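Work the whole structure out from these sequences, hints included.
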Amino acid sequence: MENAVFIGLSQQMALKRRLDMTANNLANVNTTAFKSEHPLFEEFLVERLNQEDVSFVQDYGSYRDLREGEFTHTGRPLDLAISGAGYFSIETPEGIRYTRNGSFRLDNDGYIVTINNQALLDENNRKIMVDVQFQEVTVAPDGTITTAPGQTQKIGMVQFENQQVLKQIGNGLYDAEDFRPQPATDVSVMQRTLEKSNVNPILEMTSMIDIMRAYQSAQQLLDSENDLQLKAIEELPAVQ
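Counting from 1, one number per residue, gives the positions in the sequence shown under UniProt numbering.
Bear in mind the hints are in silico, worked out from the structure with no lab data behind them.
Treat the hints with caution; some may be incorrect.
What the hints assert, rightly or not - Restraint ranges, calculated between C-beta atoms of paired labels, are given here:
| no. | residue 1 | residue 2 | range |
| --- | --- | --- | --- |
| 1 | G61 | Q219 | 38 to 46 Å |
| 2 | S217 | Q182 | 43 to 51 Å |
| 3 | S224 | I202 | 30 to 38 Å |
| 4 | R105 | Q219 | 33 to 41 Å |
Predicted model, so just to flag it, every value in this text is computed and none were measured.
For each residue, glycine too, the CB sits at the ideal point set by N, CA and C.
Printed below as a string of C-alpha coordinates:
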(Lines of atoms letter the chains of each structure in order from A; the text may use other names.)
(Lines give C-alpha, C1' and ligand atoms only; values in the text may rest on other atoms or scores of the structure.)
Protein backbone atom coordinates (compact mmCIF):
# COMPACT_ATOMS: atom_id res chain seq x y z
CA MET A 1 0.00 0.00 0.00
CA GLU A 2 2.80 2.42 0.85
CA ASN A 3 4.31 1.96 -2.61
CA ALA A 4 1.09 3.15 -4.24
CA VAL A 5 1.07 6.20 -1.98
CA PHE A 6 4.68 7.08 -2.81
CA ILE A 7 4.05 6.61 -6.54
CA GLY A 8 0.98 8.84 -6.38
CA LEU A 9 2.90 11.51 -4.48
CA SER A 10 5.77 11.44 -6.99
CA GLN A 11 3.26 11.96 -9.79
CA GLN A 12 1.64 14.90 -8.00
CA MET A 13 5.02 16.54 -7.42
CA ALA A 14 5.85 16.20 -11.12
CA LEU A 15 2.43 17.56 -12.08
CA LYS A 16 2.90 20.56 -9.78
CA ARG A 17 6.18 21.35 -11.52
CA ARG A 18 4.47 21.09 -14.90
CA LEU A 19 1.59 23.27 -13.69
CA ASP A 20 3.98 25.99 -12.47
CA MET A 21 5.73 26.10 -15.85
CA THR A 22 2.45 26.14 -17.77
CA ALA A 23 1.14 28.99 -15.59
CA ASN A 24 4.37 30.93 -16.19
CA ASN A 25 4.00 30.45 -19.95
CA LEU A 26 0.44 31.79 -19.83
CA ALA A 27 1.52 34.74 -17.70
CA ASN A 28 4.06 35.70 -20.39
CA VAL A 29 1.83 35.24 -23.44
CA ASN A 30 2.19 38.99 -24.17
CA THR A 31 5.85 39.33 -23.14
CA THR A 32 8.08 40.41 -26.01
CA ALA A 33 10.25 37.57 -27.39
CA PHE A 34 9.36 35.22 -24.52
CA LYS A 35 10.14 31.54 -25.14
CA SER A 36 7.88 28.97 -23.52
CA GLU A 37 9.40 26.33 -21.27
CA HIS A 38 8.31 22.77 -20.62
CA PRO A 39 9.38 20.15 -18.06
CA LEU A 40 11.14 16.89 -18.79
CA PHE A 41 10.28 13.71 -16.90
CA GLU A 42 11.77 10.24 -16.73
CA GLU A 43 11.04 6.93 -15.06
CA PHE A 44 12.91 6.30 -11.81
CA LEU A 45 13.10 2.64 -10.80
CA VAL A 46 13.68 1.49 -7.23
CA GLU A 47 15.01 -2.04 -7.13
CA ARG A 48 13.69 -4.34 -4.41
CA LEU A 49 15.14 -7.69 -3.37
CA ASN A 50 13.01 -10.63 -4.60
CA GLN A 51 10.21 -8.26 -5.58
CA GLU A 52 9.19 -6.28 -8.61
CA ASP A 53 10.83 -2.89 -9.08
CA VAL A 54 8.82 0.19 -8.13
CA SER A 55 8.48 2.86 -10.85
CA PHE A 56 8.35 6.53 -9.83
CA VAL A 57 8.09 9.76 -11.84
CA GLN A 58 11.17 11.97 -11.74
CA ASP A 59 11.34 15.59 -12.86
CA TYR A 60 14.90 15.99 -14.09
CA GLY A 61 14.90 19.21 -16.10
CA SER A 62 13.19 21.42 -18.63
CA TYR A 63 13.61 22.57 -22.20
CA ARG A 64 12.92 25.88 -23.90
CA ASP A 65 10.90 26.15 -27.10
CA LEU A 66 13.29 28.10 -29.32
CA ARG A 67 10.94 28.72 -32.22
CA GLU A 68 10.65 32.36 -33.23
CA GLY A 69 7.54 34.23 -32.23
CA GLU A 70 5.49 36.24 -34.71
CA PHE A 71 7.14 39.45 -35.90
CA THR A 72 4.96 42.54 -35.67
CA HIS A 73 5.61 46.01 -37.14
CA THR A 74 5.50 48.81 -34.54
CA GLY A 75 6.82 51.83 -36.44
CA ARG A 76 9.19 52.80 -33.60
CA PRO A 77 12.78 53.22 -34.88
CA LEU A 78 14.34 51.59 -31.81
CA ASP A 79 12.11 48.54 -31.79
CA LEU A 80 14.38 45.79 -33.07
CA ALA A 81 13.83 42.10 -33.71
CA ILE A 82 16.38 39.41 -34.52
CA SER A 83 15.62 36.87 -37.22
CA GLY A 84 17.74 33.83 -36.48
CA ALA A 85 19.35 32.31 -33.39
CA GLY A 86 20.91 35.52 -32.08
CA TYR A 87 20.77 37.61 -28.92
CA PHE A 88 21.42 41.24 -28.04
CA SER A 89 24.14 41.92 -25.45
CA ILE A 90 22.98 44.03 -22.48
CA GLU A 91 25.03 45.61 -19.70
CA THR A 92 23.61 45.01 -16.23
CA PRO A 93 25.02 45.61 -12.72
CA GLU A 94 25.68 41.85 -12.54
CA GLY A 95 27.56 41.75 -15.83
CA ILE A 96 26.66 41.17 -19.48
CA ARG A 97 23.35 39.44 -20.04
CA TYR A 98 21.52 38.50 -23.24
CA THR A 99 18.04 39.07 -24.61
CA ARG A 100 15.88 38.86 -27.72
CA ASN A 101 13.59 41.60 -26.45
CA GLY A 102 14.47 44.49 -28.74
CA SER A 103 12.23 47.16 -27.22
CA PHE A 104 14.81 49.92 -26.80
CA ARG A 105 14.77 53.67 -26.28
CA LEU A 106 17.18 56.59 -25.85
CA ASP A 107 17.99 57.82 -22.36
CA ASN A 108 18.77 61.46 -21.55
CA ASP A 109 22.45 61.00 -22.44
CA GLY A 110 21.75 59.40 -25.82
CA TYR A 111 22.51 55.82 -24.88
CA ILE A 112 20.30 53.09 -26.31
CA VAL A 113 18.80 51.30 -23.31
CA THR A 114 16.12 48.77 -22.42
CA ILE A 115 12.92 49.69 -20.61
CA ASN A 116 14.86 48.99 -17.40
CA ASN A 117 17.62 51.47 -18.34
CA GLN A 118 20.20 48.79 -19.13
CA ALA A 119 22.52 49.69 -21.99
CA LEU A 120 22.62 47.90 -25.34
CA LEU A 121 26.21 46.97 -26.24
CA ASP A 122 28.06 47.05 -29.53
CA GLU A 123 30.26 44.30 -31.01
CA ASN A 124 33.09 45.35 -28.67
CA ASN A 125 30.86 45.32 -25.58
CA ARG A 126 30.72 49.10 -25.38
CA LYS A 127 27.60 51.15 -24.75
CA ILE A 128 25.95 52.44 -27.90
CA MET A 129 25.44 56.20 -27.92
CA VAL A 130 23.82 58.36 -30.59
CA ASP A 131 23.62 62.13 -30.91
CA VAL A 132 20.21 63.05 -29.47
CA GLN A 133 19.91 66.12 -31.71
CA PHE A 134 19.39 63.82 -34.70
CA GLN A 135 16.07 62.03 -34.50
CA GLU A 136 16.54 59.74 -37.49
CA VAL A 137 18.20 56.45 -36.52
CA THR A 138 18.61 53.71 -39.13
CA VAL A 139 19.49 50.13 -38.28
CA ALA A 140 20.71 47.89 -41.09
CA PRO A 141 20.02 44.14 -41.18
CA ASP A 142 23.61 43.46 -40.04
CA GLY A 143 23.05 45.61 -36.94
CA THR A 144 24.86 48.74 -38.13
CA ILE A 145 23.31 51.89 -36.62
CA THR A 146 23.51 55.06 -38.71
CA THR A 147 22.40 58.57 -37.74
CA ALA A 148 21.93 61.63 -39.94
CA PRO A 149 25.55 62.87 -39.97
CA GLY A 150 26.87 59.42 -40.81
CA GLN A 151 27.79 58.20 -37.35
CA THR A 152 27.87 54.40 -37.42
CA GLN A 153 28.11 51.72 -34.75
CA LYS A 154 27.33 48.04 -34.89
CA ILE A 155 25.07 46.25 -32.45
CA GLY A 156 26.69 43.31 -30.73
CA MET A 157 24.76 40.13 -31.50
CA VAL A 158 25.86 36.76 -30.20
CA GLN A 159 24.81 33.14 -30.40
CA PHE A 160 25.40 29.99 -28.38
CA GLU A 161 26.23 26.47 -29.43
CA ASN A 162 23.42 25.23 -27.19
CA GLN A 163 20.77 27.81 -26.36
CA GLN A 164 19.23 25.53 -23.75
CA VAL A 165 22.11 26.36 -21.37
CA LEU A 166 20.89 29.95 -21.02
CA LYS A 167 19.19 30.62 -17.70
CA GLN A 168 16.19 32.94 -17.51
CA ILE A 169 16.72 35.63 -14.88
CA GLY A 170 13.66 37.81 -15.50
CA ASN A 171 12.91 40.96 -17.52
CA GLY A 172 13.58 39.03 -20.72
CA LEU A 173 17.25 38.52 -19.86
CA TYR A 174 19.33 35.35 -19.95
CA ASP A 175 22.50 34.49 -18.05
CA ALA A 176 25.05 32.43 -19.97
CA GLU A 177 26.97 31.61 -16.75
CA ASP A 178 30.24 29.94 -17.80
CA PHE A 179 29.27 29.40 -21.45
CA ARG A 180 31.03 31.74 -23.84
CA PRO A 181 29.03 33.35 -26.66
CA GLN A 182 30.15 33.53 -30.26
CA PRO A 183 29.49 36.32 -32.78
CA ALA A 184 26.12 35.64 -34.35
CA THR A 185 26.00 34.42 -37.94
CA ASP A 186 23.04 33.96 -40.29
CA VAL A 187 21.00 36.51 -38.34
CA SER A 188 19.45 39.80 -39.36
CA VAL A 189 17.98 42.76 -37.51
CA MET A 190 14.54 44.06 -38.41
CA GLN A 191 13.98 47.69 -37.47
CA ARG A 192 10.58 48.99 -36.27
CA THR A 193 9.65 45.40 -35.46
CA LEU A 194 9.25 43.33 -32.30
CA GLU A 195 9.11 39.58 -31.82
CA LYS A 196 6.05 38.36 -29.97
CA SER A 197 6.00 35.56 -27.41
CA ASN A 198 5.92 32.08 -28.98
CA VAL A 199 3.45 30.85 -26.34
CA ASN A 200 0.30 29.28 -27.81
CA PRO A 201 -2.38 30.15 -25.22
CA ILE A 202 -4.85 27.55 -26.49
CA LEU A 203 -2.32 24.73 -26.18
CA GLU A 204 -1.24 25.94 -22.74
CA MET A 205 -4.84 26.11 -21.49
CA THR A 206 -5.48 22.61 -22.83
CA SER A 207 -2.33 21.42 -21.09
CA MET A 208 -3.47 23.00 -17.82
CA ILE A 209 -6.80 21.15 -18.02
CA ASP A 210 -4.97 17.86 -18.63
CA ILE A 211 -2.70 18.54 -15.66
CA MET A 212 -5.64 19.20 -13.34
CA ARG A 213 -7.37 16.00 -14.43
CA ALA A 214 -4.21 13.95 -13.92
CA TYR A 215 -3.70 15.53 -10.50
CA GLN A 216 -7.26 14.66 -9.50
CA SER A 217 -6.76 11.07 -10.65
CA ALA A 218 -3.60 10.80 -8.56
CA GLN A 219 -5.46 12.23 -5.59
CA GLN A 220 -8.24 9.66 -5.98
CA LEU A 221 -5.59 6.92 -5.91
CA LEU A 222 -4.16 8.34 -2.69
CA ASP A 223 -7.61 8.62 -1.14
CA SER A 224 -8.40 5.01 -2.05
CA GLU A 225 -5.14 3.78 -0.54
CA ASN A 226 -5.81 5.79 2.60
CA ASP A 227 -9.26 4.21 2.93
CA LEU A 228 -7.72 0.74 2.51
CA GLN A 229 -5.17 1.43 5.21
CA LEU A 230 -7.82 2.68 7.62
CA LYS A 231 -9.97 -0.38 6.93
CA ALA A 232 -6.99 -2.69 7.50
CA ILE A 233 -6.20 -0.99 10.80
CA GLU A 234 -9.81 -1.50 11.93
CA GLU A 235 -10.02 -5.18 10.91
CA LEU A 236 -6.58 -6.49 11.86
CA PRO A 237 -7.30 -6.64 15.62
CA ALA A 238 -10.44 -8.70 14.94
CA VAL A 239 -8.49 -11.13 12.74
CA GLN A 240 -5.86 -11.62 15.42
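Consistency of beta-carbon spacing, Q219 to R105, with hint 33 to 41 Å: About 49 Å separates the Cβ atoms of R105 and Q219, which means 33 to 41 Å is violated.
Range hint compliance [Cβ, G61 to Q219, 38 to 46 Å]: violated (26 Å)
C-beta pair S217, Q182: status relative to the range 43 to 51 Å that was hinted: holds (47 Å)
Range hint 30 to 38 Å (beta carbons of S224 and I202) holds or violated: holds (34 Å)
Checked against the numbered hints listed earlier, the structure breaks hints 1 and 4; every other hint is satisfied.
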